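Protein chains in written order, with the working numbering: chain A, 1 to 298; chain B, 1 to 417.
Everything hinted at is true.
As a list, the in silico EDC-like pairs of lysine to aspartate or glutamate whose alpha-carbon atoms are at most 16 Å apart:
id : chain 1 : residue 1 : chain 2 : residue 2
1  : A       : K89       : A       : E128
2  : B       : K116      : B       : D51
3  : A       : K169      : A       : E193
4  : B       : K225      : A       : D68
5  : A       : K176      : A       : E197
6  : A       : K61       : A       : E26
7  : B       : K17       : A       : E90
8  : A       : K272      : A       : D228
9  : B       : K408      : A       : D52
10 : A       : K176      : A       : E28
11 : B       : K3        : A       : D68
12 : B       : K411      : A       : D52
13 : A       : K169      : A       : E155
14 : B       : K80       : B       : E104
15 : B       : K116      : B       : D57
In case anyone wonders, no lab produced these hints; they're calculated from the structure.
Every value quoted in this text rests on a predicted model; they were computed, and no experiment measured them.
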Amino acid sequence: MLEFQNVTKQFGAFTAVERLNLSIPENEIFGLLGGNGAGKTTTFRMLLRLIDQTKGTISWKGEGISYDSSHLIGYLPEERGLYPKMKVKEQLIYLGKLRGMKKAEVEKEIAIWLDRFKVPEYLDKKVEELSKGNQQKIQFIASVIHKPELLILDEPFSGLDPVNVEVLKEAVLDLKKSGTTILFSSHRMEHVEELCEHLCILHKGKAVVSGNLKEIKRSYGKKNIRIDADFDVAFLENVAGVVRLKQGLNHSIVQIENEQVSQTVLRELVSKGFVRQFELEEPSLNDIFIEKVGAAYE
Amino acid sequence: MNKFFIVLSQTYLNRLKSKAFIITTVITLLMIFLITNISTIMNTFDSSEADRVGVIDTGSFYPSLENQIKMMDAEIVLEKFEGTEDEAEQAVEQGDLDSYLVLEENEALEPTGLYKADTVAEQVTPQVIETALQQMKSTLAAEKAGVTPEQLNQIDQPVQFEKVALEKGAKTEEELNQARVFVYVLLFVIYFSVIFYGNMVAVEVATEKSSRVMEILISSVSPVKQMFGKILGIALLGLTQYAIIIASGYLFMQMQEDELTETGFLSFLDFGNLSTSLIVYAIVFFILGYLLYATILAMVGSLVSRAEEVQQMIMPIQLLIIIAFFIAMFGLSTPSSTFVTISSYIPFFSPVVMFLRVGMLSIPFWEVALSLTLLVGAIVLFGIMGAKVYRGGVLMYGKSSSLKDIGKALKLSKREQ
Numbered sequence: 001m002l003e004f005q006n007v008t009k010q011f012g013a014f015t016a017v018e019r020l021n022l023s024i025p026e027n028e029i030f031g032l033l034g035g036n037g038a039g040k041t042t043t044f045r046m047l048l049r050l051i052d053q054t055k056g057t058i059s060w061k062g063e064g065i066s067y068d069s070s071h072l073i074g075y076l077p078e079e080r081g082l083y084p085k086m087k088v089k090e091q092l093i094y095l096g097k098l099r100g101m102k103k104a105e106v107e108k109e110i111a112i113w114l115d116r117f118k119v120p121e122y123l124d125k126k127v128e129e130l131s132k133g134n135q136q137k138i139q140f141i142a143s144v145i146h147k148p149e150l151l152i153l154d155e156p157f158s159g160l161d162p163v164n165v166e167v168l169k170e171a172v173l174d175l176k177k178s179g180t181t182i183l184f185s186s187h188r189m190e191h192v193e194e195l196c197e198h199l200c201i202l203h204k205g206k207a208v209v210s211g212n213l214k215e216i217k218r219s220y221g222k223k224n225i226r227i228d229a230d231f232d233v234a235f236l237e238n239v240a241g242v243v244r245l246k247q248g249l250n251h252s253i254v255q256i257e258n259e260q261v262s263q264t265v266l267r268e269l270v271s272k273g274f275v276r277q278f279e280l281e282e283p284s285l286n287d288i289f290i291e292k293v294g295a296a297y298e
Numbered sequence: 001m002n003k004f005f006i007v008l009s010q011t012y013l014n015r016l017k018s019k020a021f022i023i024t025t026v027i028t029l030l031m032i033f034l035i036t037n038i039s040t041i042m043n044t045f046d047s048s049e050a051d052r053v054g055v056i057d058t059g060s061f062y063p064s065l066e067n068q069i070k071m072m073d074a075e076i077v078l079e080k081f082e083g084t085e086d087e088a089e090q091a092v093e094q095g096d097l098d099s100y101l102v103l104e105e106n107e108a109l110e111p112t113g114l115y116k117a118d119t120v121a122e123q124v125t126p127q128v129i130e131t132a133l134q135q136m137k138s139t140l141a142a143e144k145a146g147v148t149p150e151q152l153n154q155i156d157q158p159v160q161f162e163k164v165a166l167e168k169g170a171k172t173e174e175e176l177n178q179a180r181v182f183v184y185v186l187l188f189v190i191y192f193s194v195i196f197y198g199n200m201v202a203v204e205v206a207t208e209k210s211s212r213v214m215e216i217l218i219s220s221v222s223p224v225k226q227m228f229g230k231i232l233g234i235a236l237l238g239l240t241q242y243a244i245i246i247a248s249g250y251l252f253m254q255m256q257e258d259e260l261t262e263t264g265f266l267s268f269l270d271f272g273n274l275s276t277s278l279i280v281y282a283i284v285f286f287i288l289g290y291l292l293y294a295t296i297l298a299m300v301g302s303l304v305s306r307a308e309e310v311q312q313m314i315m316p317i318q319l320l321i322i323i324a325f326f327i328a329m330f331g332l333s334t335p336s337s338t339f340v341t342i343s344s345y346i347p348f349f350s351p352v353v354m355f356l357r358v359g360m361l362s363i364p365f366w367e368v369a370l371s372l373t374l375l376v377g378a379i380v381l382f383g384i385m386g387a388k389v390y391r392g393g394v395l396m397y398g399k400s401s402s403l404k405d406i407g408k409a410l411k412l413s414k415r416e417q
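Please put together the full structure from these sequences, using the hints given.
Next up, the structure:
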């Protein structure tokens with residue numbers, strides 16, 4: 001269990017993180033969501049003891065994290081960077097050794113990971129010769145090569161093309177299967193929805209939503225209806241219980257206050273003409289996020 | 001393996017294999033080879049025979065001039081030129097002669113000379129001839145005044161003058177001369193090393209920071225271990241480079257004939273009979289001086305966001321070393337001035353200035369001990385402060401870098417409770 005108890009971080013008068021309470025069960029993927037400046041990176045840095053929290057405690061398996069436990073922890077910082085002039089192999093050996101590995105072990109793992117990402121030819125290349133996306137793969141390898149118990153990924157998918165996002169997602173899911181606890185941050189809701197069971201939405205340093213993804217959605221109450229009809233559905237906005245209407249090219253999404261409203265909407269639609277699609281959906285995380293954090297963030 | 005040593009050996013080996021290290025070492029070795037072999041090299045090039053000077057003698061001074069030149073053992077071949085000045089000029093133009101001299105007798109029956117050559121930029125030959133003529137003139141004048149050659153000899157004898165230091169344990173003049181050269185050389189070495197290797201530390205830190213690899217590093221190793229691993233890794237690199245240079249310098253000298261090193265041009269490099277304590281002091285001040293400046297420079301390097309900004313940031317620190325160097329240069333001639341004495345206790349200056357005083361004067365041990373204590377104290381102080389700034393600084397990425405950021409970095413790394 002990774003626990004944050006009442007964790008607060010102040011930089012002078014500015015509060016970056018305020019009374020954060022989190023319990024992250026072992027062998028789970030936990031998502032930390034938030035816009036820019038919400039306090040995600042600060043939270044990770046406190047967890048890694050790069051900076052000290054002003055108040056509160058952070059513990060992993062009941063103990064504080066220190067440099068003595070750095071071999072148990074993997075970290076992919078948001079600001080990517082490796083030694084540009086160093087070869088991939090040398091680089092990973094150095095970083096692996098700093099996480100308490102032996103040279104031979106690192107070499108074995110490098111081969112496995114490079115094969116997995118289908119880039120074994122990069123072994124003796126300098127990092128500066130690689131594309132940005134491929135550098136990111138190497139960096140990901142650097143954060144997992146020592147088989148950490150706890151893996152922290154700060155915006156792991158940003159800057160990657162869709163193919164590489166899938167490759168990385170798969171790797172993350174495999175790590176979870178093999179028992180790693182993963183804490184990751186993102187502002188891409190679909191990644192969080194896909195990977196996490198538990199999550200926390202941070203806004204201006206405060207946790208606005210926290211808990212199990214399904215429960216959060218259920219307790220949110222509001223639902224979405226996906227509608228495809230042969231006529232203009234703009235009139236739905238005036239139906240009681242409809243919160244929002246978003247019209248798209250092929251279909252429209254109607255947000256309603258609760259499940260019951262859907263039946264009223266259906267009746268209204270049928271009376272107007274031909275309805276091709278009518279589907280009651282769970283709210284998307286994006287909806288929840290926008291409502292909690294404010295429409296300012298897209 | 002301890003992480004400190006992983007950082008240390010990585011820094012050391014990585015730099016050792018770098019082109020920059022190999023190139024600077026090779027260039028230095030070449031320079032040393034040139035210096036130790038300079039007389040051989042100069043002789044090879046100078047094998048063009050001695051200057052040939054044609055002498056048009058209208059009086060009868062030629063034999064005594066020839067004699068005089070021979071006595072002076074100069075590389076000049078005189079030959080009597082029987083002909084006009086125009087012909088002599090032609091001979092010079094055709095290269096048969098290098099220059100010619102018109103030797104005349106004035107009213108006082110003394111010799112006068114007129115030296116003509118393609119250029120008069122070459123100084124040695126005319127100077128030798130002038131001295132020879134001067135000598136001849138003095139002898140003639142003395143003879144005229146009735147002074148015997150013995151008496152003249154006596155007049156020419158230099159006065160006997162010796163300096164003896166009264167203070168007990170003070171250095172004798174001979175020791176002092178030797179010490180002066182030694183101190184001079186070492187001042188350069190210390191000055192140069194601190195700037196060169198200190199910069200290396202700053203650049204190393206700044207590169208890691210600007211390439212953003214820093215955040216991974218400090219999440220695996222504590223900043224303190226990392227910073228000192230780097231500082232000592234580069235110190236080791238410097239010592240390696242000096243070991244290579246000293247060892248090969250020694251070898252080159254062994255290859256030379258003995259006379260050259262004992263009495264010749266290179267005798268100043270013979271430190272064999274220097275006191276061991278001075279050598280020990282040199283090493284101690286060298287290491288401590290490096291540690292002080294490397295710590296400060298590592299701290300400053302951690303504040304830089306982009307590698308290009310390093311130079312601008314370390315400028316003020318370098319200025320301190322330069323000032324220290326100038327104080328020491330000034331102190332070479334006046335080692336006991338109050339100014340030098342005071343600055344030998346200021347940690348920024350003491351590595352060079354106190355070493356200068358130790359080398360040139362015989363100062364009581366407590367003075368050295370006090371200076372060393374202050375220096376070590378400063379290193380510890382800057383070490384603690386540096387580690388804190390480093391911890392905060394490596395997470396700071398600002399638009400512009402300045403030394404004011406030290407305060408910000410300290411705040412960021414502040415340990416709460």
